[in-house]
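Q: The lines below spell out each chain.
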Amino acid sequence: MNRPSKTRRPWGQGPLIQIMLSRLREFYREPEAVFWAYGFPLIMTVALGIAFRNQTDQPIAVDVDNTQSAAAETVQETLEKAPRFQVRLKPLEECRIRLRMGRTDLVVLPSTGADGGYAYWFDPARPESQLARNSVDDALQRAAGRKDPLATQDKEMVEPGGRYIDFLVPGLVAIGLMAGGLWGIGFVTVDMRIRKLLKRLLATPMSKSNFLLGIMLSRLVFMIPEVIVLLIFSRFAFGVVIQGSIVAVALLVLLGAFAFAGIGLLVASRAKTVEAVSGLMNLVMLPMWILSGTFFSADRFPDVAQPFIKALPLTQLLTALRAVMLEGATLTSQWANVAALLAWGGISFLLALRLFRWQ
Amino acid sequence: MSLAIRCQNLTKRYDGRPPVDAVRGLDLAVEDGECFGLLGPNGAGKTTTIEILEGLLQATSGEVELLGMRWGQDDYAIRQRIGISLQETKLAEKLQVRETLSLFRSFYDQGMEPAEAMEKVSLGEKARTWVGKLSGGQRQRLAVACALVGDPDLLFLDEPTTGLDPQSRRELWEIIRDFGRRGRTVLLTTHYMDEAERLCDRVAIVDQGRVIALGTPRELIASLGGEHVIQFTVAADPQSRLIRAELESLPSVETAITEADHVSLAVSQPHLALPALLAHLESRQLELASLTTRHASLEDVFVRLAGRSLDEETSQ
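Residue numbers (our numbering), protein chains in the order written: chain R, 9 to 367; chain V, 395 to 710.
For reference, chain R alone in the conformation it holds in the complex (with noise of 0.2 Å):
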């Protein structure tokens, strides 16, 4: 039987647009998804905003041991002239509880001593169990007739760039890409993998590695809308602003998507059910949420994790990011991230494609 030789479809009926173009209708038409993918982000970080905004005066929760009632009473007073000071007099059984539970900063234990000194009971773990008692003690040496040999001026250091949410937000940048790749990729091919549709794929001339960068390209897509959602969020809620190139955070917003969009697509390259391939998933984001400095800097785990830390692909992207936007680095000084990251993508994929299971 004679047939016409290869005709070329038209531009947007070729395969790998007929792919993309069904994972995001798809995806759009599944209203859970589309909140998963981009409300819950948003809510997150306004429940951190919130959590971590600036407080220029924090409240400092101080109890006294009330069982010398008269000294007790004169450490509360002499507190109580300083607003920032929360006193509260308490028997010291209570305090101690209430040290313990971090319901309070710090318990002052009036006049031990002969010369009618005091006692601070603290938890030198928590910075704010150190911050009260130096400055309890600042407040009672004073009033007890301390004078400052030196002549000391504060200042707040309240500059956008610098505060905590303009360190979080491109933590939370990195993390909504890695979570995003992940469980979208793996939950959907595993369904694809149930459902019988990879097998019935298998039975046309599709290409595989069409069908696999269908997957991932449109991946990227779905997360463009997600990043650009919060970073605008951020800008008029918190007023984080972007300090590098807009076009150097979109590229890194991409090669990360690209990244774990190829590492979701090996993760879930054999596995047969939903919570095989969940499991798998949690094992691989684990450390990464841990280790890799989405809400503290990374720098806090010992020398010899650092290696280690410095490997993962959540690390390249966050310290990247986080070099452009906050430090308004270029693209090119990251260059050794860039490339770890396209490394990630890349060989997941060609991984993934000789992995993968089909029926």
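These are computed hints drawn from the structure, not numbers from a lab. Check before you lean on any hint, since a few could be wrong.
Claimed, not checked - Here are the simulated DSBU-like cross-link-like pairs (lysine-lysine), alpha carbons at most 35 Å apart as the crow flies:
#1 V:Lys514 with R:Lys204
#2 R:Lys280 with V:Lys527
#3 V:Lys527 with R:Lys207
Fit chain V to the known structure of chain R by using the hints.
A: Then chain V, alone, in the frame of chain R:
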């Protein structure tokens, strides 16, 4: 005439404890333009066979040739020219009928426009309906449309009408016949003997991984020796006093088969056989409890060859 499908000595063993031999030396030769049916009970190895032919499963041994090409050498070229409907595929529920067909069309070098494919399976009015909102019959027609959209020379349908209502089944048969009228080849599996009888030019009856009979439905039925079947049961003491040889010596009775609860006679001329049967029963003092006569079907052929009925599962 050239062959669309040729397979020789096909075997498939699934490893396990114990290993299962799903296909045990199966030969097929399907001619160009034929509608060929693999008929057999569930578990006979039909799906394994068709999936090997479709290139989705690896045979344990044996040779397969499709349209003169072989799997492993010309995969892409074969895929361009065959259309497949699997036994169960859940197409994406949130895509429209038209979008689903555009997706499948995009994989083929040539083929028909999605609108034409929808027309062929009478889903034109459902073009913008989500797949999830289609009835079972409409979904099955869409599955067939996805197989047709690449304008294949060879169409594979695995149990295309299982679970459908009679109306939907007839609609699908008409679609398959229409495809055949354009000179294309169809291979389908079914466990419905009426489907094989009405639709297929030739049928291979498969049981326990082997072809146990091959021919046109008419030939297979004729092989019973008579085109009519008389089925009867006797009251009280059942078949024990009936002797098969005696029944087969009655005029025009070709074969007699005693099954659990009834006796079937293959008969060429019922008007001769019936009076003789009644006289025979009377002489044995047996009371007739029920009696029916009908045209013989492929079901009877299967019962005759396999010794049990088609709806019984194959026991391993």
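Q: Does Lys204 of chain R lie within 35 Å of Lys514 of chain V when you go C-alpha to C-alpha?
A: It holds: about 25 Å lies between the C-alpha atoms, which stays within 35 Å.
Q: Would you mind confirming whether the straight-line C-alpha gap from Lys280 of chain R to Lys527 of chain V stays at or under 35 Å?
A: Holds, at about 27 Å.
Q: Does Lys207 of chain R sit within 35 Å of Lys527 of chain V, going by the straight-line distance between their CA atoms?
A: Roughly 23 Å between the alpha carbons, so the hint for Lys527 of chain V and Lys207 of chain R holds.
The earlier numbered hints are all upheld by this structure, with none contradicted.
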